[in-house]
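Protein sequences appear in the order of chains A and B.
In terms of this note's numbering, the first sequence opens at residue 11 and continues consecutively.
In terms of this note's numbering, the second sequence opens at residue 11 and continues consecutively.
What the hints contain is simulated information worked out from the structure, not anything from laboratory work.
Note that the coordinates shown come from a computational prediction; the quantities given were computed from them, not determined experimentally.
One or more of the hints may lead you astray.
Unchecked claim - Covered stretches of chain A, going by a simulated chain B footprint (3 or more residues, C-beta under 8 Å):
#1 83 to 97
#2 107 to 116
#3 205 to 216
To be verified - Stretch by stretch, here's where chain A covers chain B in the computed footprint (C-beta under 8 Å, at least three residues):
#4 60 to 73
#5 84 to 92
#6 120 to 130
#7 142 to 153
#8 206 to 218
Cβ coordinates follow ideal geometry from the N, Cα and C atoms, glycine included.
Protein chains: 2
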Amino acid sequence: MDQNFAVTQRTKLKRIPDRASYDRATAYAILDEGLIGHVGFVDGEDVYVIPMAYARQGDRLLLHGSVASRLAKRLGEGLRISVCVTLLDGMVLARSVFEHSMNYRSVVCLGSAKVIAEQGEKLEALRVLTEHLLPGRWDDARQPNAKELAATTVLALPLQEVTVKSRSGPPDDLEKDKARPHWAGVIPLQLQPGPAQPDALAADTAVPDYVTGYRRSAT
Amino acid sequence: MDQNFAVTQRTKLKRIPDRASYDRATAYAILDEGLIGHVGFVDGEDVYVIPMAYARQGDRLLLHGSVASRLAKRLGEGLRISVCVTLLDGMVLARSVFEHSMNYRSVVCLGSAKVIAEQGEKLEALRVLTEHLLPGRWDDARQPNAKELAATTVLALPLQEVTVKSRSGPPDDLEKDKARPHWAGVIPLQLQPGPAQPDALAADTAVPDYVTGYRRSAT
C-alpha cells in the first residue's frame, strides 16, 4: 500500500496547502485516536450529517448501526458518503481577532460503503469496533449472539480518497501586531476521562485496568 | 418563538424516539457548549463534511470562513446544508457487547445559509463568534479592520429545522445478562483545557482570567 493517498480532483485542497497532507500514517493515527465520525450522505434533496462510532480495520473504515436506521439502510445502498473525524487540540489566541484559530487534526474520507454480510467477517468487524472504542473490552463482555448480529448492519468504507488537515503550534500574528499588549498563545484542549461510574449492580465489582487506565491520546 | 422546533418530514426521527427532542432550549444549550460543527454540503456528485467553528446568535447559526474557501463559496450560494454539533459525554459499558453505547448530546440543523454582507452586521457576527469560542476575548484583542473583514465570509443559517438526539445514564443490560460478572457502567468523557501556553512574546504577560478559567461545560 502506498505511503500517500492518491490526490484526486475531489480531495485536492485548494487553500492553505501547508495544512494539508495525504500521508497514510498520519491519517490512520488520527482515525485510531478518534471516537466519533461525522457521516454525510444525501437522502432525497437533502444532505444529512450524523455522528457515528467507527473503527479502522486495516485500509478500511468500519461503521455500524441498527438495521432499522435510515442511515445504515441508505449507506448500504452504496451511495457516495463522506466521513469526517476531527480531534480538537486547542484554542489559538492571536493578538488580532483575525488570526485566531484552532489547533486540530482532521481526516475526511470519501467513498462508498459496502455491507459486510458474511457472519465471521461481521463478528470480527464488531470485535474491531469494540476494541477501537474500548481496548480490552471484547473479551470481558458477552459477545453478540445470532439475533444481535442480525439486528446490526456493519459497513466498510475503503480508505482510498482521504485528506488530512491539521494546525498546530502558536498563533501567527502579523509583525505590526506583535508589540500589542494582549496575551497570546494556546489553550490546549483534550478529551479526558473522569472516574468510572459503576452501574447499580457493579458497585462491588473490581474496576478493570482497561477502564481505570482509559485514555485516547498518545500524549 | 415556539418552545419546540416544528417537526418536518426531514427532521422526524423514526428510530429510538425517546432519544430525540425538538426542544429549543435543549438544542441551544448544546450549540452554546460546542466548539466545532460538522458541515455537510453537496458539490457536484459528492457530499463533503468539513469541521467549522460556529456560534449561535439568537435563532440563527453563524459560520465563517475565508472568502477563498470552496466551502464558504458554496454555502453562500444558498444550497441546502446540514450542520451537526456533537458533545461526547461518555462510554457506556454494558455486560453484553450489543448494549454498549455512548452518552452524547447532538444537534442537527438543516437549512440554507445566507451571506451576511452588511458591514455592521458582519462585525457583530464576528464578535459573537469570538465570544462564543473565547468569552472575554473580543475586547482584549485587535478587532478586524476593513481588509480583514473583506477577506472573511460570514454566513447565517436560520435555526428552523433542528433535531436533538442524546443519551445519558447507565447501560441498559438485558435481564438475562445482569447476573454476569463483568464490570458495567460509564466512563465519563469531557473536553478539558490544559495549562495555557504563552507564545514566545507573551511569556511575561499576565494571563487573563478568561484564559486561566476557560471551560466549556456548565458542570
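In terms of beta carbon proximity below 8 Å, does the stretch 206 to 218 of chain B have 3 or more residues touching chain A? This one holds; 11 residues, not fewer than the three required, reach chain A with a Cβ under 8 Å.
Apply the coverage criterion to the stretch 60 to 73 of chain B and chain A: a residue qualifies when its Cβ sits closer than 8 Å to a Cβ of the chain, and three qualifying residues are needed. Satisfied; 3 residues make the cut.
Can you tell me if the stretch 205 to 216 of chain A counts as covered by chain B, using C-beta to C-beta distances under 8 Å and a minimum of three residues? Three-residue rule met by the stretch 205 to 216 of chain A, so holds; n is 10.
Three-residue Cβ test at 8 Å for the coverage of the stretch 120 to 130 of chain B by chain A: violated (count 1)
Counting residues of the stretch 83 to 97 of chain A with a beta carbon closer than 8 Å to any beta carbon of chain B, are there 3 or more? Held - the stretch 83 to 97 of chain A has 6 residues with a Cβ nearer than 8 Å to chain B, which meets the minimum of three.
Three-residue Cβ test at 8 Å for the coverage of the stretch 107 to 116 of chain A by chain B: holds (count 6)
Chain A covers the stretch 84 to 92 of chain B, three or more CB atoms within 8 Å, holds or violated: Our answer is that it holds, as 3 residues pass the Cβ test (under 8 Å) against chain A, meeting three.
Is the coverage entry for the stretch 142 to 153 of chain B by chain A consistent with the three-residue Cβ rule at 8 Å? holds (count 8)
Violated hints amount to a single one, hint 6; each of the other numbered hints is respected by the structure.
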